[in-house]
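UniProt numbering puts the first residue of the sequence shown at 1, with every later residue one more than the last.
A hint or two may mislead.
Unchecked claim - Taking lysine to any residue and the SDA-like style, the derived pairs with C-alpha atoms no more than 20 Å apart in a straight line are: (1) K31 - A41; (2) K5 - N15; (3) K26 - R42; (4) K30 - I40; (5) K30 - A41; (6) K31 - R42; (7) K30 - V14; (8) K26 - N36; (9) K26 - V14; (10) K11 - M1; (11) K31 - L20; (12) K31 - T19; (13) K30 - R42; (14) K11 - Y23; (15) K11 - N22; (16) K5 - T16; (17) K30 - T19.
What the hints assert, rightly or not - Ranges between beta-carbon positions, derived for each pair: (18) K5 - R42: 51 to 57 Å; (19) N36 - N15: 28 to 34 Å; (20) E33 - M1: 43 to 49 Å; (21) T38 - T18: 27 to 33 Å.
Everything labelled a hint here was simulated from the structure, so no lab data went into it. We treat Cβ as the ideally placed atom computed from N, Cα and C, and that holds for glycine.
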Amino acid sequence: MNPQKTYYNLKQIVNTSTTLRNYAAKENLKKIEMINTTRIARTSKDASPTCSNY
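Can you build the whole structure from these sequences, using the hints too?
Written out as structure tokens, the structure is:
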């Protein structure tokens, strides 16, 4: 077994897993931001005055 090749392969695995982890984190952040935006829109819509009670 070539130690230099083993090191290179392990380095590639670490780089790939780091890239995938960062991508997943960005996607999760997008989902959280979308959920928060939806909640804010619903809250402001629910808080707006209506004429039905007057």
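Hint-by-hint comparison with the structure:
1. Note on K31 and A41: the hinted pairing holds, with a Cα-Cα distance of about 15 Å set against a maximum of 20 Å.
2. The straight-line distance between the Cα atoms of K5 and N15 is roughly 15 Å, inside the 20 Å bound, and the hint therefore holds.
3. Of the pairs offered as hints, the one joining K26 and R42 is violated, with about 24 Å between alpha carbons and a cut-off of 20 Å exceeded.
4. Distance hint between K30 and I40 is fulfilled; the C-alpha atoms sit about 15 Å from each other, no more than 20 Å.
5. Restraint check for K30 and A41: the C-alpha separation of about 16 Å stays at or below 20 Å, so the hint holds.
6. Restraint check: the Cα-Cα separation between K31 and R42 comes to about 17 Å, which is no more than 20 Å; the hinted pair holds.
7. For the given pair, K30 sits about 24 Å from V14 by alpha-carbon distance, which is inconsistent with the 20 Å threshold.
8. A C-alpha spacing of about 15 Å is found between K26 and N36, which places the hinted pair at or below 20 Å, so the restraint holds.
9. Taking the CA atoms of K26 and V14, the gap is about 18 Å. The hint holds against a cut of 20 Å.
10. Distance check on the hinted pair: K11 and M1 sit about 16 Å apart at the alpha-carbon level, within 20 Å; holds.
11. For a cut-off of 20 Å, the pair hint linking K31 to L20 stands: about 17 Å separates their Cα positions.
12. Restraint check for K31 and T19: satisfied, since their Cα atoms lie roughly 19 Å apart, inside the 20 Å limit.
13. With a CA separation close to 18 Å, the supplied pair K30 and R42 stays within the 20 Å bound.
14. With a C-alpha separation of about 18 Å, the suggested pair K11 and Y23 falls inside the 20 Å cut-off, and the hint holds.
15. Straight-line distance between C-alpha atoms of K11 and N22 comes to about 16 Å, which keeps the hinted pair within the 20 Å bound.
16. Between K5 and T16 the alpha-carbon distance is near 16 Å, which keeps this suggested pair within the 20 Å criterion.
17. In summary, the hint linking K30 to T19 is supported, as the alpha carbons are separated by about 17 Å, within the 20 Å threshold.
18. With their beta carbons about 56 Å apart, K5 and R42 fall inside the hinted range of 51 to 57 Å.
19. Against the hinted window of 28 to 34 Å, the Cβ-Cβ separation of N36 and N15 comes to about 32 Å, which satisfies the hint.
20. For E33 paired with M1, a C-beta distance near 46 Å keeps the hint of 43 to 49 Å intact.
21. Remark: the range hint 27 to 33 Å for T38 to T18 is upheld by a beta-carbon distance near 31 Å.
Going through the hint list in order, the structure does not satisfy hints 3 and 7.
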